[in-house]
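Number of protein chains: 2
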Amino acid sequence: MKTTNFDNKPMRIGAVGLGRAFSIMLPTFNLDPRIILVSAADPRGEARSLFEKIFKGRAYKSIEALLDNEDVDVIYIGTPVGSHLDQIAAACAAGKHLLVEKPMALTLEDSKQIIQLVESAGVKMVVGHSHGFDKPIQKTREMIESQKYGPLRMISTLNYTNFLYRPRRPDELSTTEGGGVIFSQAAHQVDIIRTLSGGNIRTLRAGTGKWDKHRPTEGAYNVFFNIDNEINATATYSGYAHFDSDELMEWRAESGKPKDTTTYWQTRRELNLKTQNTSEEQVKFSQTFGGQNYNLPNKNEQVDKLHEHFGLVIASCEHADLRPMSGGVYVYSDNERTFEKLEKPQVPRAEVIDELIKSIFQNENPRHNARWAMANLEACLAIIESAKKEKEVSLVHQIS
Amino acid sequence: MKTTNFDNKPMRIGAVGLGRAFSIMLPTFNLDPRIILVSAADPRGEARSLFEKIFKGRAYKSIEALLDNEDVDVIYIGTPVGSHLDQIAAACAAGKHLLVEKPMALTLEDSKQIIQLVESAGVKMVVGHSHGFDKPIQKTREMIESQKYGPLRMISTLNYTNFLYRPRRPDELSTTEGGGVIFSQAAHQVDIIRTLSGGNIRTLRAGTGKWDKHRPTEGAYNVFFNIDNEINATATYSGYAHFDSDELMEWRAESGKPKDTTTYWQTRRELNLKTQNTSEEQVKFSQTFGGQNYNLPNKNEQVDKLHEHFGLVIASCEHADLRPMSGGVYVYSDNERTFEKLEKPQVPRAEVIDELIKSIFQNENPRHNARWAMANLEACLAIIESAKKEKEVSLVHQIS
Chain A
283 MKTTNFDNKP MRIGAVGLGR AFSIMLPTFN LDPRIILVSA ADPRGEARSL
333 FEKIFKGRAY KSIEALLDNE DVDVIYIGTP VGSHLDQIAA ACAAGKHLLV
383 EKPMALTLED SKQIIQLVES AGVKMVVGHS HGFDKPIQKT REMIESQKYG
433 PLRMISTLNY TNFLYRPRRP DELSTTEGGG VIFSQAAHQV DIIRTLSGGN
483 IRTLRAGTGK WDKHRPTEGA YNVFFNIDNE INATATYSGY AHFDSDELME
533 WRAESGKPKD TTTYWQTRRE LNLKTQNTSE EQVKFSQTFG GQNYNLPNKN
583 EQVDKLHEHF GLVIASCEHA DLRPMSGGVY VYSDNERTFE KLEKPQVPRA
633 EVIDELIKSI FQNENPRHNA RWAMANLEAC LAIIESAKKE KEVSLVHQIS
Chain B
283 MKTTNFDNKP MRIGAVGLGR AFSIMLPTFN LDPRIILVSA ADPRGEARSL
333 FEKIFKGRAY KSIEALLDNE DVDVIYIGTP VGSHLDQIAA ACAAGKHLLV
383 EKPMALTLED SKQIIQLVES AGVKMVVGHS HGFDKPIQKT REMIESQKYG
433 PLRMISTLNY TNFLYRPRRP DELSTTEGGG VIFSQAAHQV DIIRTLSGGN
483 IRTLRAGTGK WDKHRPTEGA YNVFFNIDNE INATATYSGY AHFDSDELME
533 WRAESGKPKD TTTYWQTRRE LNLKTQNTSE EQVKFSQTFG GQNYNLPNKN
583 EQVDKLHEHF GLVIASCEHA DLRPMSGGVY VYSDNERTFE KLEKPQVPRA
633 EVIDELIKSI FQNENPRHNA RWAMANLEAC LAIIESAKKE KEVSLVHQIS
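Protein chains in written order, with this note's numbering: chain A, 283 to 682; chain B, 283 to 682.
Just so you know, not all the hints are guaranteed correct.
Repeated chains share a single entry, so a pair holds when one copy, or any two copies, can fit it.
To be verified - Straight-line Cα separation of at most 20 angstroms, SDA-like style, residue types lysine to any residue; simulated pairs:
1. K671 / D350
2. K673 / R484
3. K671 / R484
4. K673 / T485
5. K556 / S568
6. K670 / G460
7. K670 / R484
8. K587 / E552
I should point out that these hints are in silico values taken from the structure, not numbers from a laboratory.
For reference, chain A alone in the conformation it holds in the complex:
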């Protein structure tokens, strides 16, 4: 296992997969002084060319080529979930730390293999970003842990987005390949609920919705969670591009940017227009890093940005409801209403890098480690199972 000395120089990252997840993480890689992108791997030539042009580092066709030729400290994996296990195995064999996009895996079996690989190799692996990392959620967790408002008792989460009608690859519309809102979106609400409540979901009961035969995967769900310490929670989600719950978040988008309220309603129309002469997959690629319609992140885009969010979250302690927003946390307590304002983020998703660096340099187990990720996945799989069997499902791989 190799580590850099953080005091001397930034950690060198090799980015495997230059797709949409990478595009969204790019401002973090660009702006956080503790890390530096030094090389990449992606099957798409356009993406490799753009990477080499911008970052002056080399881009390879595969993770193996990258590992053979480059000296990096951390492998970032932003590929589709089907590739994760093999790529994590390769990185572990090379003794590299890992930052892996969610979902880490699609099965508990693969998750167990990954845990085994990472723990045997003695490397650190953080799974994220997911919205449990968001500063307002972390702040809410601190307020809960302080016990200032008594014990946490109930959580309500709700998010209505246009998720299902953004340009998609075919696998993103196939549940068995990790598509749909359960693996991608429920994973966020589960992460938030587990982050706030301590982590141990005992059982859940869910219903899911597949309402568009042309996009035959889950696009919506309702879930009840029974959690340790007499806590219960609900999660409601629809990605069918109807109601936009960013209205309940003071019109901040998931990214923390001010939301343009006029475009959301056009989601289906826009998708139809774009796909008149091109496959949807091509549309997606064209908007992704290296694609002809891809725009590099604007260096000034942080200016208007508050923290990321994932829709309405209300955490009810005995003596206050806590409501994380993009800009801070509303506290509605027994006798007053206050807003715990948070500083604007200098670097988006800096919390992910915080956790990664802390785990490496203080040799700590990161919160969002492989076991935590498996527990999140278990909850997502249980949502699908509960809806299918129309019964409550018990969870056995939860950790706090």
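Position chain B relative to chain A; hints supplied.
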């Protein structure tokens, strides 16, 4: 069974119980030309005096005295739930139609007796008001039934109020006597969900919260509903006077009036101040019809009033999310966002009188009949049972 001819003169109502429920129904009784309050019964002398002064009719100590001495068409029952069965029996024996406040009863056994009494007597009984009557909910139901937006698939409901910290009688803080938010508030969300979805809840899974030992009854809950026709729903409620979800209803209060956003946060303080030298029960009585701090409804209060509501409701059809508000229904559909504005109500809760009159003069079974009320109660009892046993509960008395 006696009926008036509605074309000739208004239906004569005898009001049994002049407490808070009556106070809230009073504007309806005053303003709806199809009905007239002619007599009353209440054990409190102040209430009887005020009634006789205002309405020129006689007020008695008991329903029996009222029935012995007065010729009325409809008995309104607004007494605590413990008296309902006997009073309904008395009214049925006299062949009177009934308007009964919810909850109709606290047990399925009492409900069955009431059904038997009402159906044998051949009278009509409407149980309400409850928020399933509200015009925006009825409008949403019509839009669902029109199938314009495809089948209904999912409902999310959420309400955060100060319910538990309004001045209460002791029985209102005792679950076994019908106190707490399950019988009083879940009944509304259940009524809304059943009204929108068709009515047949198959199972539910719930958690409840009793967070204040000085008010030892349920003050909060989270529920998942599995409903016929592949519909699922969630209901979230807290009455702990923290977050105020009227913020999500464009700052309209439950009554449909503009909400004063400064007073809600003072709920506990206000209750403490008022009860420094008086019992809470006395405070409540003093604010109720006939009490020294009671104010008769202002004749102009309809001016600013839109329709009543019960917090956030989002009904997701395959091609649109429908969101009933105080002033109408937002439609977030595949390709547009519209607002189906409703006319301002001339008479609050006119929908209750509509249903009562229609049932009597067209000899129809009202939607909110005793069997519907028993089905609502069954769901409320199941919420308590599910939370206690930590398991899903099947419902067997549901009707559409």
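These are the hints, each one checked on the structure:
1. Taking identical chains as interchangeable, the C-alpha atoms of K671 and D350 are never at most 20 angstroms apart, the minima being 47 angstroms within one chain and 58 angstroms between chains.
2. For the identical chains of this complex, K673 and R484 are neighbours both inside a copy (14 angstroms) and across copies (11 angstroms), given an alpha-carbon limit of 20 angstroms.
3. Taking the shortest Cα distances, K671 and R484 sit within 20 angstroms of each other both inside one copy (18 angstroms) and across copies (14 angstroms).
4. Taking the closest pair of Cα atoms, K673 and T485 come within 20 angstroms of each other both inside a single copy (10 angstroms) and across two copies (9 angstroms).
5. Taking the shortest alpha-carbon separations for K556 and S568, only the intra-copy value of 11 angstroms comes in at or below 20 angstroms, while the best inter-copy value is 66 angstroms.
6. Taking CA atoms no more than 20 angstroms apart as the test, K670 paired with G460 passes inside one copy only; the shortest distance there is 17 angstroms, against 36 angstroms between copies.
7. For the homomeric pair K670 and R484, the shortest alpha-carbon distances inside one copy (19 angstroms) and between copies (15 angstroms) are both at most 20 angstroms.
8. Taking CA atoms no more than 20 angstroms apart as the test, K587 paired with E552 passes in neither setting, with 25 angstroms inside one copy and 40 angstroms between copies.
Hint compliance for this structure: hints 1 and 8 are broken, all remaining hints hold.
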